[in-house]
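Trainee: Protein sequences, first through last, are from chains S and P.
Residues in the first sequence are numbered from 1 upward in steps of one, following the UniProt record's numbering.
Residues in the second sequence are numbered from 1 upward in steps of one, following the UniProt record's numbering.
Check before you lean on any hint, since a few could be wrong.
Where chains are identical, the list cannot tell them apart; a pair therefore holds if satisfied intra-copy or between any two copies.
[Said to hold, decoys possible] In silico lysine-lysine, DSSO-like type, Cα no more than 27 Å apart, as pairs: (1) Lys109 to Lys173; (2) Lys196 to Lys113; (3) Lys564 to Lys575; (4) Lys298 to Lys191; (5) Lys435 to Lys577; (6) Lys192 to Lys577; (7) Lys564 to Lys362; (8) Lys233 to Lys362; (9) Lys575 to Lys435; (10) Lys88 to Lys196; (11) Lys113 to Lys193; (12) Lys94 to Lys362; (13) Lys182 to Lys233; (14) Lys549 to Lys94; (15) Lys192 to Lys109; (16) Lys603 to Lys281; (17) Lys18 to Lys192; (18) Lys402 to Lys510.
Hints listed in this document are in silico derivations from the structure and should not be mistaken for laboratory results.
Okay, here's what each chain looks like letter by letter:
2 protein chains.
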Amino acid sequence: MAAHATVDTSSRLQALRKLMATPEINVQAFVVPTEDQHFSEYIAQCDERRAFISGFNGSAGTAVVTEQEAFLFTDGRYFLQASKQLDKNWTLMKQGLPDVPSWQEFLSKNLGKNTRIGVDPTLISASDADTITKALEPKQSELVSLPKNLVDLVWGSAHPPRPANKVFPLDVKYSGETHIEKLKRVREEIKKKEAKSMVVNVLDEIAWLYNLRGADIDYNPVFFAYSLIDADKALLFVNESQVDHAVLQHLGSEVVIHPYDTFFSYLTHLGSELNAHTDSKVLVSDKASLAVAQAIGKDNIIVARSPVTDLKAIKNTAEIAGFRASHVRDGAALVRYFAWLEEQLGAGREMRESEVADQLEKYRAEGEHFKGLSFPTISATGPNGAIIHYEPVRGSDDIVKKDQIYLCDSGAQYLDGTTDVTRTYHFGTPTAEQKRAFTRVLQGHIAIDTAIFPNGTTGYLLDPFARRPLWEDGLDYRHGTGHGVGHFLNVHEGPHGIGVRIAYNSTPLKPGMTVSNEPGYYKDGSYGIRIENVVIVRGAQTPNNFGDKGFLCFEHVTLCPMGKNLIDASLLSLKEKEWLNAYHAEILEKVSPLVQRDERALKWLQRECSPL
Amino acid sequence: MAAHATVDTSSRLQALRKLMATPEINVQAFVVPTEDQHFSEYIAQCDERRAFISGFNGSAGTAVVTEQEAFLFTDGRYFLQASKQLDKNWTLMKQGLPDVPSWQEFLSKNLGKNTRIGVDPTLISASDADTITKALEPKQSELVSLPKNLVDLVWGSAHPPRPANKVFPLDVKYSGETHIEKLKRVREEIKKKEAKSMVVNVLDEIAWLYNLRGADIDYNPVFFAYSLIDADKALLFVNESQVDHAVLQHLGSEVVIHPYDTFFSYLTHLGSELNAHTDSKVLVSDKASLAVAQAIGKDNIIVARSPVTDLKAIKNTAEIAGFRASHVRDGAALVRYFAWLEEQLGAGREMRESEVADQLEKYRAEGEHFKGLSFPTISATGPNGAIIHYEPVRGSDDIVKKDQIYLCDSGAQYLDGTTDVTRTYHFGTPTAEQKRAFTRVLQGHIAIDTAIFPNGTTGYLLDPFARRPLWEDGLDYRHGTGHGVGHFLNVHEGPHGIGVRIAYNSTPLKPGMTVSNEPGYYKDGSYGIRIENVVIVRGAQTPNNFGDKGFLCFEHVTLCPMGKNLIDASLLSLKEKEWLNAYHAEILEKVSPLVQRDERALKWLQRECSPL
């Protein structure tokens with residue numbers, strides 16, 4: 001299994017420990033988190049330090065290397081993969097199991113007294129560092145901020161360079177609001193928080209704010225940058241090689257470009273100036289690093305959720321129009337793909353999961369404004385569909401089987417929107433059990449799609465609507481029901497969502513927010529079912545308006561049939577049947593014009609969209 | 001309006017201020033909360049100190065009297081009533097409005113520096129006192145625990161004596177578990193919390209624990225008592241005059257009776273003994289007073305939610321059987337009442353809201369094991385039904401009108417259970433709008449009744465099920481959906497509930513818990529709708545058991561028809577219609593044997609329970 005190959009980390013660890021022991025460094029432990037400097041969900045190869053030092057390349061985990069031992073902390077999703085990938089040098093710490101400490105607890109509970117623990121302060125949040133430092137006090141241990149990342153030094157010349165791909169402006173016809181207007185709104189928020197300026201360190205926030213896009217991280221159209229906004233100007237720290245004349249012209253005179261790697265020295269300078277002015281605080285996101293806090297000075301900052309996150313979450317009219325339009329094109333690609341796949345399987349062709357996914361990408365790429373996928377396609381046959389974060393690995397993936405449930409979770413980036421859609425089909429004859437489970441998931445999906453709720457309601461409180469039909473059969477699923485979706489940006493964005501995470505109870509859903517609706521059911525070793533549309537929150541028309549609070553509803557933008565042969569119609573209510581038929585009629589109307597030249601797709605679409 | 005008469009408080013306030021100024025007391029402010037020493041929801045007349053001093057007799061509010069002024073703090077439910085009842089000496093503080101401090105905030109924000117603020121430490125919780133004391137520090141003000149309640153001194157000889165009614169044992173055939181067994185389980189919980197003993201100060205906890213009932217507070221079959229439980233024995237502090245030979249025999253040798261008013265001196269003695277033993281902590285409820293904490297000593301206590309609350313909330317087999325049986329009898333009384341009321345109104349008789357409620361009580365009293373009402377009956381015609389906590393006042397109440405919606409929320413205490421039921425009828429011809437609203441409430445009620453959910457789910461997360469059908473029409477209601485119900489005990493009990501209070505998200509629903517299911521809708525000035533049954537949480541039979549967590553459902557025990565002429569059947573799904581017909585068939589089967597001798601009731605029942 002190429003994906004889960006073990007790396008011999010002996011020489012890497014030896015080199016790291018040698019550095020740790022040098023007198024000018026002198027740390028007895030070194031922490032290697034997953035995060036990059038911008039706390040990105042997906043990271044560039046140059047930032048895959050934890051994977052380099054440990055050999056484990058899952059998306060979540062932290063390595064702690066001591067003088068004699070090495071520990072890898074990860075959660076239940078990755079126990080199997082980590083145990084396969086880690087070599088004999090490593091001890092796997094299964095977080096979430098009873099009596100297994102988190103890596104933060106481990107530092108204070110399991111390491112000896114007077115331990116100096118090295119960290120790269122750009123990769124740990126200021127609040128995490130605070131908590132750990134307090135916990136270390138009784139042991140007289142301390143966190144030591146190192147000026148250079150020791151793993152980078154070990155990596156040496158083999159360390160991939162930081163990507164520096166071209167940045168390009170996103171036309172205001174897609175973004176709907178100039179960056180000058182956005183900066184104005186951000187400044188109002190800075191004022192409300194009683195600060196004078198603000199650091200923006202999260203990449204999709206910077207891309208949104210300046211109406212710029214890049215290609216530095218796979219699937220995420222962002223670029224490496226920091227920004228500092230004050231009352232008069234906005235500083236953008238980005239590699240000059242990435243920025244051409246068109247970008248400069250787009251940005252205008254209000255935005256001043258500085259080199260990416262001068263950001264921290266600039267902050268330090270700013271901090272020393274601020275020390276004289278107690279009333280000039282800098283607003284810093286709760287997702288900013290210890291290095292940011294240290295450079296400005298802890299007394300000069302106000303830490304809060306970034307107002308840019310909240311502004312970005314609410315899509316304007318142009319963005320919403322783009323979401324609708326891009327989803328029609330995406331729907332056409334999906335329809336062409338599934339019609340093609342059905343034919344291939346019907347003809348007995350043997351094709352692997354990644355191979356068929358290529359065909360889907362090909363159809364998407366033929367659509368207007370296509371800019372790449374929004375995440376690696378989950379193309380999963382039978383039991384693989386039950387692995388929630390399954391990603392087929394070319395060569396070691398399975399043949400798609402006609403007599404198994406096929407789950408496909410995929411999405412694309414378009415200039416005018418981002419898509420994320422899951423469909424579950426059976427191209428042969430599903431069992432009664434499979435149909436019942438699928439129908440329960442569909443009912444949950446419909447329950448979210450049709451919900452009407454008062455302003456102020458959170459996705460935490462809507463989540464049970466999606467699960468209720470499954471609960472009725474003693475079924476459930478171990479993931480959230482929905483995440484925010486960026487506009488030609490990251491496919492996952494906050495701060496809102498629909499799900500059991502209590503954090504979702506802090507952010508009411510608001511008109512203009514985009515969110516996925518994706519209940520599922522997974523039978524380990526057998527099959528996975530998930531039905532996912534992207535929906536937009538908008539005002540609802542109700543006969544009354546109790547308490548004058550206003551009521552909201554969802555508008556689905558994803559357009560792809562549900563797979564009628566998996567539906568047990570006897571479970572559906574009259575309203576659910578009407579919903580399904582109306583949705584299919586809508587798909588047929590909107591998507592068929594785009595598949596006129598693909599007769600196979602058109603026929604498939606007409607068949608799948610015929611009334612139940 | 002007799003209920004809202006103004007009392008002249010001038011002489012009372014003058015006397016209070018004179019006491020405040022005496023050198024041995026010397027306080028510049030005195031706080032008079034609503035609470036009694038046991039933090040009861042309903043209180044005895046002798047504990048109505050805030051009503052005595054202020055003239056305002058609503059169920060919630062706190063008075064703060066300073067040398068020159070007097071402030072009454074209450075919430076939105078009581079703004080109108082308080083403004084009518086308070087005389088010129090008082091300033092009404094409308095809590096919840098912007099810029100209006102809570103009474104706790106007021107003490108630190110609005111009173112001057114160096115203020116000594118008197119409190120009766122038996123009437124304020126230790127945690128509340130802690131928070132206030134910290135907030136007062138910057139002003140060098142302090143809370144002063146006074147040995148005697150100043151309002152009681154002002155009240156003087158007119159102060160009603162503390163009730164001391166007979167206590168009686170509840171047979172184990174009703175309680176299902178002896179107090180010896182309960183004490184054993186409580187001791188296990190004390191051990192788990194690493195304490196050696198425990199103070200029980202809440203009256204329904206004491207009544208439950210010792211299988212004793214009393215009649216010291218209207219509608220609540222409790223008696224004034226404290227208890228202290230250690231490894232070997234259990235001390236019950238209760239007036240000896242309330243306890244006869246039968247009670248002593250019931251309690252046995254393990255329980256030692258002490259006079260009620262020796263409780264605090266006993267605690268002080270215990271505290272001084274404990275000071276020598278650092279490993280002998282006393283578990284104290286978070287609902288215990290500052291006086292309890294002070295008597296034992298803050299270093300000698302562990303404060304936590306009382307384990308008795310949690311044990312009491314889960315009803316055993318005998319208690320559940322009692323709930324079922326008592327609700328059949330209660331249903332018969334309701335059916336007889338509504339049949340009678342319909343006939344009275346049909347015959348054009350003019351009767352007041354309180355008058356007709358008397359007839360309901362009469363029918364209930366004819367049932368076996370009846371011990372009184374569980375709360376004052378809400379008998380409300382038309383617009384009065386929109387006042388959520390309406391209570392008709394004899395003489396100033398309204399005539400029940402045939403052409404108005406009639407809302408009746410009532411309940412009774414039986415030896416084998418407590419009931420709480422709301423029905424909303426129209427004995428004439430309802431409007432289409434009324435029918436639609438009623439049907440939405442009914443759909444919310446059915447949605448809770450039929451919910452199936454995994455173990456671990458809280459009532460906070462189920463609450464949206466009840467509101468969803470109302471939300472669809474832009475309707476909602478400003479109260480919770482359900483509260484715990486005691487077993488021949490308080491009609492409201494914690495710690496669980498179904499509703500928007502975030503506290504309900506801390507207590508998962510568990511098999512054996514009882515809870516009300518009472519969505520509603522209120523159109524101010526026009527009518528109120530509420531449909532309330534008591535339901536029991538129990539294990540559900542599901543075809544699957546995802547994650548082996550087990551699934552739960554509700555069993556309704558309330559048996560009274562829903563009022564078919566208010567139902568707009570076109571809004572109901574097939575399943576909802578089936579539910580209604582099945583529920584009505586169940587009522588007919590269970591209740592008709594008890595109304596055989598009341599032909600009017602039997603006919604009414606048969607008509608109301610015929611299929612939709």
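Trainee: May I ask which of the numbered hints given earlier this structure violates, with the numbers listed in increasing order?
Mentor: 1, 2, 6, 8, 10, 11, 12, 16, 17, 18
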